[in-house]
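K.L.:
Based on the sequences and whatever the hints tell you, model everything.
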Amino acid sequence: MSKLRLIIRREYLAKVRNKSFVVMTFLSPVLMVAMIVLITYLTKVNDSEVQIVSVLNESRYFHKEFLPSESVSFIEFKNINIVEAKDSTISLAYNGLLHIPETMTVQEAAEEAFLYTRDSPSNTILNRLESIFKNRLRKSRLRDIGVSDEDFARVEERFELQTATFDGERNLKGVNELKAFIGGGFGYLIMMFIIIYGGFVMRSVIEEKTSRIIEVIISSVKPFQLMLGKIIGNSLAGVTQFAIWIFSASILLFVALLLFDIDIRALGGNPMMDTGNMGAISEFPQNGGQMQEYANELFKIPWLLLLFSFVVYFILGYLIYSSIYAAIGAAVDNETDTQQFIFPIILPLMLAIYVGFFSVFSNPHGPIAIGFSLFPLTSPIVMLMRLPGGIGEGGVPVWQLLLSIVLLILTFLAIVWLASKIYRVGILMYGKKPTYKELYKWLKY
Amino acid sequence: MTPILVADNVSKSFGEHKALSNVSIEIPKNCIYGLLGPNGAGKTTLIRIINQITFPDTGHVYFDGKPLSPKHVATIGYLPEERGLYKSMKVGEQALYLAQLKGLSKNDAKTRLKYWFERLEIGDWWNKKIQELSKGMAQKIQFIVTVLHQPKLLIFDEPFSGFDPINANKIKDEILELKKNGTSIIFSTHRMESVEELCEYIALIHKSEKILDGKLSAIKKVYKSNVFKVGLQLEGNINGLIQKLEDRYEMLDHDFDSEENQLNFTFKLPTASTADVLIDLGKEANVVHFEETIPSANDIFIQAVKSKEI
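If you're matching them up, the sequences are chains B and U in order.
For the first sequence, the tail end lands on 446 under the working numbering, and the numbers increase by one without skipping.
For the second sequence, the tail end lands on 312 under the working numbering, and the numbers increase by one without skipping.
Please note that a few of the clues may not be correct.
Claimed, not checked - Capping the alpha-carbon separation at 20 Å, the derived lysine-lysine pairs in PhoX-like fashion look like this:
1) U:K154 - U:K73
2) B:K20 - U:K92
3) B:K20 - U:K89
4) B:K20 - U:K131
5) U:K73 - B:K4
Honestly, the hints are just simulated from the structure, not real lab data.
P.N.:
See below:
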């Protein structure tokens with residue numbers, strides 16, 4: 002047992018002292034926050050620029066329609082011809098010239114209107130102009146069939162369906178998505194962790210092979226002990242790194258927000274550690290009462306259950322995948338040979354994320370969501386996306402949760418057993434890249 | 003005295019490939035035992051079985067009379083042929099780590115390391131990384147790590163590769179010193195001159211089978227073929243002498259040095275008794291030298307392997 006501790010300690014220190022690891026640990030939060038700040042800043046700058054379109058309107062229509070908006074404003078030319086209008090638009094460096102020729106009807110005027118720009122027009126301008134025309138045309142047609150402007154305004158009323166559960170509890174729109182998003186955040190965290198730190202385990206195995214120290218070590222300890230020590234040591238290093246990231250990124254983000262006076266709500270779908278709260282909040286309407294209700298919903302999420310299952314799924318999922326990574330590292334001689342073996346392990350992870358985001362979001366308890374949350378290679382991610390809905394009635398049935406954990410544990414035992422066999426043989430094989438067939442043979446040595 | 007290690011009918015296959023078939027060897031205590039054989043013969047597999055890195059399909063291994071078990075790991079030291087150290091780890095830390103894996107306490111390991119560092123003139127490399135060291139220096143550290151926990155049985159697989167002649171000699175002296183202090187040593191190599199120099203016992207493994215083993219001196223007796231090297235100082239003329247000798251003996255080759263008037267030749271006698279032959283030769287000329295040629299380990303190696311292949 003104390004040998005295992007020694008190995009874990011060495012692996013941990015070797016990883017933590019590694020220069021690139023240290024640099025990554027302290028640079029990543031800075032880079033991440035800098036990127037967020039930059040994006041927000043650029044978006045702001047971009048949005049605050051007002052584009053100007055000159056209008057040469059020779060028809061009788063549309064004269065009161067061109068009202069300035071946040072991003073587009075209009076300047077009307079009068080008593081000049083189209084050529085002069087074009088010249089002055091260019092010389093004044095406006096963003097475009099809208100020409101409406103003289104016509105008999107509003108319909109014709111709209112059809113013959115032309116927008117001239119230096120190159121292809123921006124979407125902001127196009128959308129604005131098109132909506133102006135659309136509105137005006139609709140109004141005139143309604144007036145033709147006898148609907149007044151006031152009536153039209155009244156018809157325009159927005160409508161949203163109110164929903165409630167059978168218990169009479171009011172439902173909030175998007176709460177399912179919100180919950181899946183929080184679960185998805187945890188699932189995503191697991192995936193990132195597996196890919197990054199599984200890779201560390203693999204590289205560390207390859208390093209032992211290439212430096213030829215492996216045979217010295219396994220004459221003192223069992224290969225399985227070494228593999229386990231490696232996996233645990235590297236994951237502890239990973240947890241350390243994640244903790245530093247989350248801690249320093251939160252501080253940096255907070256400082257940056259204060260310094261640059263950036264509205265938190267302006268931050269869109271945000272870095273992984275905060276997907277839960279921030280991403281969700283910004284997606285929904287922001288008036289006070291509803292905010293409160295969303296907050297209530299957030300409190301209703303079974304956080305304890307969620308955290309507990311996160312730990313269970315995280316540990317089991319990580320152990321399964323990283324022992325596969327260790328086996329791959331043992332099977333090959335250098336990192337370039339790993340590609341063919343890595344793809345099949347990344348595949349279920351990606352599948353889990355995509356299935357999760359597409360299928361679980363829309364229906365957390367549909368057959369696909371259930372299937373993938375039971376299948377052991379995807380369940381750590383997909384089940385976590387379903388769990389924020391709670392367990393038992395209205396949530397994930399208890400049997401599904403238990404079955405999925407039992408399946409995961411069985412798979413874990415099987416995979417670790419297989420991986421340690423491949424590992425044991427692979428670490429002593431030098432000089433060639435094995436095929437899948439050979440790997441199968443190794444299981445029987 | 004119970005042998006330090008006994009392998010009893012050990013077999014091991016990897017899939018179709020048979021790596022060892024029914025190999026039995028006995029390694030006496032406090033000797034240097036040469037494990038010889040061409041590449042791919044199965045030496046490394048046998049060594050790995052002794053180190054419990056792999057396990058035999060059939061057969062048993064006994065360490066000091068008891069079945070080999072995981073606790074014996076601490077009493078065996080192994081220097082593999084494919085060897086290395088963590089490149090980016092510091093020398094001292096690494097040596098401590100490997101010693102602790104062998105079951106030494108940290109303090110013991112430190113004192114012993116200091117002793118060995120001085121002894122092999124490694125000096126103040128404690129805080130240097132392995133990648134900053136020369137290959138020979140790294141090999142020395144590897145050697146120290148192997149012997150640090152004072153194992154009862156040491157296994158060296160090609161120990162001299164990577165050393166310059168001076169350091170190779172130093173390591174050889176250390177191996178002899180360890181033997182003097184009671185350690186049993188298994189020595190696997192292709193370098194026959196070091197076998198000749200160091201080993202008292204040898205075993206020859208070829209194509210997964212043991213084809214020869216025993217005390218080196220005894221094996222040599224078996225393999226010697228009564229071939230003698232003779233030098234005759236002639237007083238008179240060479241004429242007819244060669245013919246005379248060829249009539250009487252099975253001559254292998256001869257060479258006449260006309261300046262010195264000396265005839266050198268080798269011949270093979272039907273028996274090992276030489277008294278009559280010497281008298282006979284003494285009648286013809288002065289016998290300058292008369293010496294039996296004993297086969298070298300290299301000759302035995304080649305001969306044994308060849309005879310197996312026919």
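K.L.:
Broken hints, numbered, in rising order?
P.N.:
Failing hints: none at all.
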